[in-house]
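> Line order of the protein sequences matches chains A and B.
Mind the numbering: the first sequence is residues 1 to 114 in this note's numbering, read in order.
Mind the numbering: the second sequence is residues 115 to 304 in this note's numbering, read in order.
One or more hints might be untrue.
As the list claims (entries may be wrong) - Using 25 Å as the maximum straight-line C-alpha spacing, the simulated SDA-like pairs for lysine to any residue come out as follows:
# : chain 1 : residue 1 : chain 2 : residue 2
1 : A       : Lys84     : B       : Arg300
2 : A       : Lys9      : A       : Arg72
3 : A       : Lys9      : B       : Ala252
4 : A       : Lys86     : B       : Arg187
5 : A       : Lys9      : B       : Arg243
6 : A       : Lys84     : B       : Gln182
To be verified - Simulated DEER-style distance windows between Cβ atoms:
# : chain 1 : residue 1 : chain 2 : residue 2 : range
7 : A       : Arg72     : B       : Thr241    : 29 to 37 Å
8 : A       : Ala63     : B       : Trp215    : 42 to 50 Å
9 : A       : Asp43     : B       : Ala129    : 35 to 43 Å
What the hints contain is simulated information worked out from the structure, not anything from laboratory work.
Built from N, CA and C at the ideal position, the CB exists for glycine as well.
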Amino acid sequence: MRSDAQALKGHLDVLLLATLEDGPRHGYAVKEALREGSGGRFDLPTGTVYPALHRLADAGLIAGTWSVTDGRRRRSYRLTAAGKRKLAGERANWREFAAAVTTLLEGVPWPATS
Amino acid sequence: MASHQLIDAYLGSVAPRLPADTVDELADGLTETYRRHRRAGLDADTAARSAVREFGAPDLVVAAFVRQSAGRRTARALMSTGPLVGLCWAATLAAGHAWRWPVPVLVRIATAATLLTVIAALALAATARTWRRTRIAALAGLGLVALDATLVAAVVALRPGFVWPMVLAVPASLARLAFTARFLLRARAS
Numbered sequence: 001m002r003s004d005a006q007a008l009k010g011h012l013d014v015l016l017l018a019t020l021e022d023g024p025r026h027g028y029a030v031k032e033a034l035r036e037g038s039g040g041r042f043d044l045p046t047g048t049v050y051p052a053l054h055r056l057a058d059a060g061l062i063a064g065t066w067s068v069t070d071g072r073r074r075r076s077y078r079l080t081a082a083g084k085r086k087l088a089g090e091r092a093n094w095r096e097f098a099a100a101v102t103t104l105l106e107g108v109p110w111p112a113t114s
Numbered sequence: 115m116a117s118h119q120l121i122d123a124y125l126g127s128v129a130p131r132l133p134a135d136t137v138d139e140l141a142d143g144l145t146e147t148y149r150r151h152r153r154a155g156l157d158a159d160t161a162a163r164s165a166v167r168e169f170g171a172p173d174l175v176v177a178a179f180v181r182q183s184a185g186r187r188t189a190r191a192l193m194s195t196g197p198l199v200g201l202c203w204a205a206t207l208a209a210g211h212a213w214r215w216p217v218p219v220l221v222r223i224a225t226a227a228t229l230l231t232v233i234a235a236l237a238l239a240a241t242a243r244t245w246r247r248t249r250i251a252a253l254a255g256l257g258l259v260a261l262d263a264t265l266v267a268a269v270v271a272l273r274p275g276f277v278w279p280m281v282l283a284v285p286a287s288l289a290r291l292a293f294t295a296r297f298l299l300r301a302r303a304s
């Protein structure tokens, strides 16, 4: 869905990091984890997931290692220590943000400030 | 079931436009997608068409790599911060009466020429629409490192007397040196 893809834009990096939390994955497996983990809502063109992974690797948040599978060269990615810290921080921020939005949308009274 | 001519054609389309390692990675992903469709029971042609469609058009994928390349992003960062660093140095040179510094004319001309070349190269890399053009950023980075090192070395060696804009210009150049050197080291490793 286009609106989902738009909404995903600002959160793609952290979602990609989250797909690597349980261990290394190659690009296609990352894309599949994103699709399956979102119940099919975040189904990006596979080819555009790779550039994002390269950008995260350039930033030192993930690291790629090469292996050979069925005669093909395969690059798998894992979270680095910096990536784990980034994921933990972004997760905490998201929880606070989501709690505030839920409070607003569901009409829960604001906590008293005095 | 190893491959299909549609997949070969797709890879043949992106191969001249991306680094070999990246093409290998895309080949693995595309083949994996194709095999998954085959295992799900699709015939070879339908599986290949579905895999290629899932991957996205070659132009879209190449454009995404170019847009997110370290060269293009670094060039954009340097272009956006360049005027501020340049302003700090202009203020430093003007306040320090740089035209009186004992610097040979040839060095002055070479510095100005390098500056203009670096700006042009950064502009090309920052607006790159092809992978090859993003590589110009490394050349621009080398020039920028030389420029920043020359300016800081000139201040240290010539001791022109303290002027307050130096407090901004020297740290700005050192920070840019570190940023650019990091990019160059990563570009060399990749």
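> Determine for every hint whether it applies to the structure shown.
Comparing the hints with the structure gives:
Taking the CA atoms of Lys84 of chain A and Arg300 of chain B, the gap is near 21 Å; set against the 25 Å cutoff, the hint holds. Between Lys9 of chain A and Arg72 of chain A the alpha-carbon distance is near 31 Å, which puts this suggested pair outside the 25 Å criterion. Distance hint between Lys9 of chain A and Ala252 of chain B is unfulfilled; the C-alpha atoms sit about 28 Å from each other, more than 25 Å. In summary, the hint linking Lys86 of chain A to Arg187 of chain B is supported, as the alpha carbons are separated by about 20 Å, within the 25 Å threshold.
Distance check on the hinted pair: Lys9 of chain A and Arg243 of chain B sit about 21 Å apart at the alpha-carbon level, within 25 Å; holds. For the proposed pair Lys84 of chain A and Gln182 of chain B, the alpha carbon gap of about 22 Å is at most 25 Å, so the pair holds. In this structure the hint that Arg72 of chain A and Thr241 of chain B lie 29 to 37 Å apart at CB holds, the actual value being about 35 Å. Evaluation of the 42 to 50 Å hint for Ala63 of chain A and Trp215 of chain B yields a pass: the beta carbon distance comes to about 46 Å.
In this structure the supplied range 35 to 43 Å is violated for Asp43 of chain A paired with Ala129 of chain B, their Cβ-Cβ distance being about 26 Å.
Of the hints listed earlier, those the structure fails to meet are numbers 2, 3 and 9, in rising order.
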